[in-house]
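Visitor: So the protein sequences, as listed, match chains A and B.
Those letters in the first sequence? Residues 0 to 112, by numbering that gives the first Met the number 0.
Those letters in the second sequence? Residues 0 to 103, by numbering that gives the first Met the number 0.
One should not assume that every hint holds.
Stated by the list, open to error - One side only, chain A facing chain B, incomplete, derived with CB under 8 Å:
no.	residue
1	P52
2	V59
3	T65
4	A66
5	K81
6	L91
7	G97
8	L98
Unchecked claim - If you anchor each label on the Cβ, the simulated ranges turn out as follows:
no.	chain 1	residue 1	chain 2	residue 2	range
9	B	K81	A	F27	40 to 50 Å
10	A	L96	B	G55	36 to 46 Å
11	A	M86	B	P53	20 to 30 Å
Stated by the list, open to error - Here are the simulated DMTMM-like cross-link-like pairs (lysine to aspartate or glutamate), alpha carbons at most 25 Å apart as the crow flies:
no.	chain 1	residue 1	chain 2	residue 2
12	B	K50	A	E78
13	A	K84	A	E72
14	A	K22	A	E83
15	A	K22	A	E72
16	A	K84	B	D82
17	A	K22	A	E78
18	B	K21	B	D82
19	B	K21	A	E83
20	A	K103	B	D82
21	A	K99	B	D82
Keep in mind that the hints were calculated from the coordinates and are not lab data.
Beta carbons: idealized from backbone N, C-alpha and C, even for Gly.
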Amino acid sequence: MNANWMKVFVGAFFEVFWVIGLKHANGFWTWSGTVISIMVSFYLIIMASRKLPVGTVYAVFVGLGTAGTVISEIIFFSEPIKLEKIMLIALLLVGVLGLKLLTKDDKQEGADS
Amino acid sequence: MAWLSLILAGLCEAFGVVTINKLNNSRNWQSLFLLMLGFGTSFLFLAYAMKTLPMGTAYAIWTGIGSAGGALLGIMIYGESKDWRRIACIALILGATIGLKLVA
Numbered sequence: 000m001n002a003n004w005m006k007v008f009v010g011a012f013f014e015v016f017w018v019i020g021l022k023h024a025n026g027f028w029t030w031s032g033t034v035i036s037i038m039v040s041f042y043l044i045i046m047a048s049r050k051l052p053v054g055t056v057y058a059v060f061v062g063l064g065t066a067g068t069v070i071s072e073i074i075f076f077s078e079p080i081k082l083e084k085i086m087l088i089a090l091l092l093v094g095v096l097g098l099k100l101l102t103k104d105d106k107q108e109g110a111d112s
Numbered sequence: 000m001a002w003l004s005l006i007l008a009g010l011c012e013a014f015g016v017v018t019i020n021k022l023n024n025s026r027n028w029q030s031l032f033l034l035m036l037g038f039g040t041s042f043l044f045l046a047y048a049m050k051t052l053p054m055g056t057a058y059a060i061w062t063g064i065g066s067a068g069g070a071l072l073g074i075m076i077y078g079e080s081k082d083w084r085r086i087a088c089i090a091l092i093l094g095a096t097i098g099l100k101l102v103a
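Bound-form chain A, shown alone (with noise of 0.2 Å):
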């Protein structure tokens, strides 16, 4: 796990605070929480981006927050689990572990990485 990853995986962590923000947010204290949310998993994403291609990163980054917001609903807002819910998660992981072992660590290295 490298630093930059780190990045895109704590950013998408963030994305899901400021998910359920936007839907559940209901005061000064809640929306400032969700404002500060977006502009910390943005930056986590850009700063990730400086090293990995942004069509990686933001694929991750969109994907990991929707699976993080869905077991969030589950957990936390007693939605019901559902088996494809956790179907296309697993797919979703697959994917995100994909895209990990296939990309190079620095874009600046030519066209092909």
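Using the hints, position chain B against chain A.
Guide: Frame of chain A; chain B shown alone:
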């Protein structure tokens, strides 16, 4: 109108993703402004589309156009890898994301 607005929202998001590259190449206020303009406009169009379309559907299509468009533009403009395994992984993530937004 809602569908047109949704497609425009996706295109603005893809534009926003491209401006992340632009900001990395030249770190200035102009690039930051373009990035915020891209995502800001995208959210406005998305919010408008969601007034009439179901939220899950709107989100799924918006994410799909934005991420796939962003990845394609990255390949075309910035020479990101077009290794078929990379494209397959991105497609897998996108498919699963769209599926999750639709079943949620």
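Visitor: A separate judgement is required for each hint: does it hold in the structure or not?
Guide: Against the structure, the hints come out as follows:
| no. | hint | in the structure |
| --- | --- | --- |
| 1 | P52 | 4 Å, holds |
| 2 | V59 | 7 Å, holds |
| 3 | T65 | 5 Å, holds |
| 4 | A66 | 7 Å, holds |
| 5 | K81 | 6 Å, holds |
| 6 | L91 | 4 Å, holds |
| 7 | G97 | 4 Å, holds |
| 8 | L98 | 4 Å, holds |
| 9 | K81(B) x F27(A): 40 to 50 Å | 47 Å, holds |
| 10 | L96(A) x G55(B): 36 to 46 Å | 26 Å, violated |
| 11 | M86(A) x P53(B): 20 to 30 Å | 22 Å, holds |
| 12 | K50(B) x E78(A) | 23 Å, holds |
| 13 | K84(A) x E72(A) | 12 Å, holds |
| 14 | K22(A) x E83(A) | 23 Å, holds |
| 15 | K22(A) x E72(A) | 11 Å, holds |
| 16 | K84(A) x D82(B) | 29 Å, violated |
| 17 | K22(A) x E78(A) | 14 Å, holds |
| 18 | K21(B) x D82(B) | 23 Å, holds |
| 19 | K21(B) x E83(A) | 38 Å, violated |
| 20 | K103(A) x D82(B) | 12 Å, holds |
| 21 | K99(A) x D82(B) | 13 Å, holds |
Taken one by one, the earlier hints fail for this structure at numbers 10, 16 and 19, listed in ascending order.
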